[in-house]
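J.: One letter stands for each residue in the lines below.
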Amino acid sequence: MRKLATPLVVVASLGLLAGCLGSPQQTDTARNADAKELTLTITGNSVVGGKNAARAAWVTDWVIPKFVEAQKAKGVTATVKFEGSGAGDEDYKTKVALDLKTGGGADVLTIDGIWVGEFAEAGQLKPLDELLGKSQVDAWEGWAQIPKSVQGLGSFGDRRYGIPDGTDGRVLFFNKKLFAQAGLPSDWQPKSWTDILDAAAGLKKLPGVTPLQVNAGTAMGEATTMQGVLPMLASAGKPLYRDGKWQAGPALGEVLEFYAKVYREGLGDPLTQQEAKGRDKSFAQFAEGRLGIMIESDYLWRGVVEPTRGVAKMADRDQVVGWAKIPARQPGVGGRDFVSMSGGAVNVVNPATKYPRQAWELLQFMNSAESIKARMGGGAQVTARADVNDQVLAGDPMLSYVAREVLPVTQYRPPVAGYPRVSAALQQATADVIAGRSVPEALSNYRAALSKIVGESNVDAG
Amino acid sequence: MSTPVDLTPAAESTVDTPSRRGRIADVAGLGVGRAVAFVLPALALIALFLVFPALWTLYIGITDYQLTGPAAANPQVIGIGNFLTALGDTLFRNSLWLTVLFVLGSAVIGQNLLGFGLAWLLRGARPWLRRLTESLVLLAWILPSTVVAFLWFAVLDRDGGTLNLLLGTEGTAWLVRYPLISIILFNIWRGTAFSMLLYSSALAAVPPSQLETAKLVGASGWQTVRDVVFPHIRGHVLTNTLLISLWTANDFTPFLLTAGGPNHASETLPVFIYRQALEGGQLGYASAISLLLLVANLVVAGLYLRLLRRRS
Numbered sequence: 001m002r003k004l005a006t007p008l009v010v011v012a013s014l015g016l017l018a019g020c021l022g023s024p025q026q027t028d029t030a031r032n033a034d035a036k037e038l039t040l041t042i043t044g045n046s047v048v049g050g051k052n053a054a055r056a057a058w059v060t061d062w063v064i065p066k067f068v069e070a071q072k073a074k075g076v077t078a079t080v081k082f083e084g085s086g087a088g089d090e091d092y093k094t095k096v097a098l099d100l101k102t103g104g105g106a107d108v109l110t111i112d113g114i115w116v117g118e119f120a121e122a123g124q125l126k127p128l129d130e131l132l133g134k135s136q137v138d139a140w141e142g143w144a145q146i147p148k149s150v151q152g153l154g155s156f157g158d159r160r161y162g163i164p165d166g167t168d169g170r171v172l173f174f175n176k177k178l179f180a181q182a183g184l185p186s187d188w189q190p191k192s193w194t195d196i197l198d199a200a201a202g203l204k205k206l207p208g209v210t211p212l213q214v215n216a217g218t219a220m221g222e223a224t225t226m227q228g229v230l231p232m233l234a235s236a237g238k239p240l241y242r243d244g245k246w247q248a249g250p251a252l253g254e255v256l257e258f259y260a261k262v263y264r265e266g267l268g269d270p271l272t273q274q275e276a277k278g279r280d281k282s283f284a285q286f287a288e289g290r291l292g293i294m295i296e297s298d299y300l301w302r303g304v305v306e307p308t309r310g311v312a313k314m315a316d317r318d319q320v321v322g323w324a325k326i327p328a329r330q331p332g333v334g335g336r337d338f339v340s341m342s343g344g345a346v347n348v349v350n351p352a353t354k355y356p357r358q359a360w361e362l363l364q365f366m367n368s369a370e371s372i373k374a375r376m377g378g379g380a381q382v383t384a385r386a387d388v389n390d391q392v393l394a395g396d397p398m399l400s401y402v403a404r405e406v407l408p409v410t411q412y413r414p415p416v417a418g419y420p421r422v423s424a425a426l427q428q429a430t431a432d433v434i435a436g437r438s439v440p441e442a443l444s445n446y447r448a449a450l451s452k453i454v455g456e457s458n459v460d461a462g
Numbered sequence: 001m002s003t004p005v006d007l008t009p010a011a012e013s014t015v016d017t018p019s020r021r022g023r024i025a026d027v028a029g030l031g032v033g034r035a036v037a038f039v040l041p042a043l044a045l046i047a048l049f050l051v052f053p054a055l056w057t058l059y060i061g062i063t064d065y066q067l068t069g070p071a072a073a074n075p076q077v078i079g080i081g082n083f084l085t086a087l088g089d090t091l092f093r094n095s096l097w098l099t100v101l102f103v104l105g106s107a108v109i110g111q112n113l114l115g116f117g118l119a120w121l122l123r124g125a126r127p128w129l130r131r132l133t134e135s136l137v138l139l140a141w142i143l144p145s146t147v148v149a150f151l152w153f154a155v156l157d158r159d160g161g162t163l164n165l166l167l168g169t170e171g172t173a174w175l176v177r178y179p180l181i182s183i184i185l186f187n188i189w190r191g192t193a194f195s196m197l198l199y200s201s202a203l204a205a206v207p208p209s210q211l212e213t214a215k216l217v218g219a220s221g222w223q224t225v226r227d228v229v230f231p232h233i234r235g236h237v238l239t240n241t242l243l244i245s246l247w248t249a250n251d252f253t254p255f256l257l258t259a260g261g262p263n264h265a266s267e268t269l270p271v272f273i274y275r276q277a278l279e280g281g282q283l284g285y286a287s288a289i290s291l292l293l294l295v296a297n298l299v300v301a302g303l304y305l306r307l308l309r310r311r312s
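In the order they appear, the protein sequences are chains A and B. Just so we're aligned, residue 1 is where the first sequence starts under the UniProt record's numbering, counting upward by one. Just so we're aligned, residue 1 is where the second sequence starts under the UniProt record's numbering, counting upward by one.
Here chain A stands alone, though its shape is the one from the complex (with noise of 0.2 Å):
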């Protein structure tokens, strides 16, 4: 029996390797674009009832319905589903990514920005122009709306791969009913780092309130690099990658030290930043009153602590929570009085499709002026359109302050395939720091990792 047994296992693996190593299609731009007939899936982090509900929301009830009705006008019977997602960014990713590879998933799909470069690279994902012949691509009437700036979001290497879904800018939030007890302005604008620093000193004396938050740790994932270490490395005059090379030189040791201060002289809580579901306790923390500062993205404003579809709602948000722009170090560093860091999501077409044409009139359709009008619903957010952000953000104080004040500062992430694990390397820097390691330690094993990963003679020290 063991004589068969060898050769029959040996085939059946064989077979199955090489079913699984098959090579990708060729596209075809204008595959099944007369179907009478269809099924297209739209997924996206967000799920009803749950993560970015007012969005899966939009997405069921206004962009399914009203797309199918205008596919039955022209003598089209579409089905649209909406596959829903509500884990954490990293376990979106990776299911998307296993989707990806394997020539499954949805039709369309919302991503982070900052996934396109590592998708496309990895052939995970194709450029509009190729997957949909450039003419069709470059008829929508939407790009025009879309700034230039913006447009990069879901572009990787001079190409289109999706259409950007909107996008975002840090700030720093802050407690005024807090600040006034602490004898602080209402009005506050910080002009650097001592400013900050100084409020979070006057915070301090508040018995059971921890003056100020910049993400910090491993545990705190992306939202480390994002909310903590990338603004402040803007803010001491460096970007994290410029012309090929990789900021790993003093601007960055200044930031290390700035959390050192933080996390060592009782102005942040380095607990909160170590523990599991740190983020969502730190949200409910600002919720509550009992967390002075924190530097966020505008997210924080419409889908934390919104009044009415927040996770962590605050009934007197309009009265209690202030903003102010991240400031330079000191002013003028890096040529630059304030700073700020945008991300945003995609919306992207994904290569696999059967229907490509269809696939491609469907994002149309979800990035047309009237569909995100209908998003907003009462509520806004910075949209990737012009036209649509001149209307609605007109009632929303806080974001008509972002799309005014602060996108003009701000700062996107180097949009190349290395990023995710630089980034990893810098939360690591800061957890070193945390946990007590000195800053020149934590920033020769930052150099060490970050040579590991993009090579030695990519690395910026100086």
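Among these hints, one or two may not hold up.
Below are the SDA-like pairs computed for lysine to any residue, each with C-alpha atoms no more than 20 Å apart in a straight line [unchecked claim]:
(1) K101(A) to W56(B)
(2) K281(A) to N164(B)
(3) K277(A) to G33(B)
(4) K277(A) to W56(B)
(5) K101(A) to P75(B)
(6) K373(A) to W58(A)
(7) K277(A) to T146(B)
(8) K452(A) to N94(B)
(9) K281(A) to T162(B)
(10) K81(A) to E37(A)
(11) K373(A) to A53(A)
Read the hints as simulated data drawn from the structure, not as lab findings.
Keeping the supplied structure of chain A fixed, place chain B upon it in accordance with the hints.
T.: Quick look at chain B alone, frame taken from chain A:
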């Protein structure tokens, strides 16, 4: 696959006892073709779910395969590169060490001693008390790990956690301050039931007369356990230790409590593998580490089996 029957005609001709010849004739009467047809479904399943994944992991483990990025599109075979990386990776060594501590602390020492202790104490207890205690302890074992993790989260949490309320240590974040101890205690609590049940049945096999003799000659509890009980249950101890060690080494539940943190302080190997593969996208590296874990499991299992065999 371990059928003792040899189907080759040559083997049949060498058989001499009539009874055995009859059995083989029955089986061989099917014809080789039909015999294979019977075994094939099982073989296919084994190939599909056991052999193929193992071979696939081995293949991925010698490449620089990634979830996204350039190496996802075009993975290169890099031979033992991943294993060399692991040798120089402080985070991997940290994980390996933590796994050893986790297994020793929670399984080899914790569950074993506590399980035996409970079984020993319950030996003479009234049946109802014995059944009640066993049911309560067993509850911990049959609850889904996510539920158990959630319960322990509520116990160890900094804000309003039960432990802080009991000890009056307001605001202590146990999971952050004592991550390894936390997951060890958690695992002891969850896994003791199995050891207890196994030792309960083992103790029933110890001849009462010997225990009585020990009592008569005035042996202490410890002397009784060491000189009378242990020689009888040595096999059970080894088997139990082997099983719970392997389960613990491969346990992913700590992730639910601490996510491996803070700062990798509770990142046992399964958590490390998960984070490398799915958070870091390093599928090749993670596969290589899983293979190392598999080899370590086999080595441990081999050692225990040797000990068992030496005894018999």
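J.: Take the hints in turn and mark each one as holding or not.
T.: Okay, the hints, checked on the actual structure:
1. Distance restraint check for K101(A) and W56(B): the Cα-Cα separation of roughly 16 Å lies within the 20 Å cut-off, and the hinted pair is therefore satisfied.
2. In summary, the hint linking K281(A) to N164(B) is supported, as the alpha carbons are separated by about 18 Å, within the 20 Å threshold.
3. Between K277(A) and G33(B) the CA atoms are separated by roughly 59 Å; this puts the pair beyond 20 Å, and the hint is violated.
4. The suggested pairing of K277(A) with W56(B) is violated, with an alpha-carbon distance near 35 Å, which exceeds 20 Å.
5. With a CA separation close to 13 Å, the supplied pair K101(A) and P75(B) stays within the 20 Å bound.
6. Using a Cα cut-off of 20 Å, the hinted pair K373(A) and W58(A) holds, with the two alpha carbons roughly 10 Å apart.
7. Between K277(A) and T146(B) the alpha-carbon distance is near 15 Å, which keeps this suggested pair within the 20 Å criterion.
8. With a C-alpha separation of about 19 Å, the suggested pairing of K452(A) with N94(B) holds against the 20 Å cut-off.
9. The hinted pair formed by K281(A) and T162(B) meets the criterion: a straight-line CA distance of about 18 Å does not exceed 20 Å.
10. Between K81(A) and E37(A), the direct Cα distance comes to roughly 14 Å. Compliance with the 20 Å bound is thereby established for this hinted pair.
11. For the hint linking K373(A) to A53(A), the alpha-carbon distance of about 17 Å falls within 20 Å, and the restraint holds.
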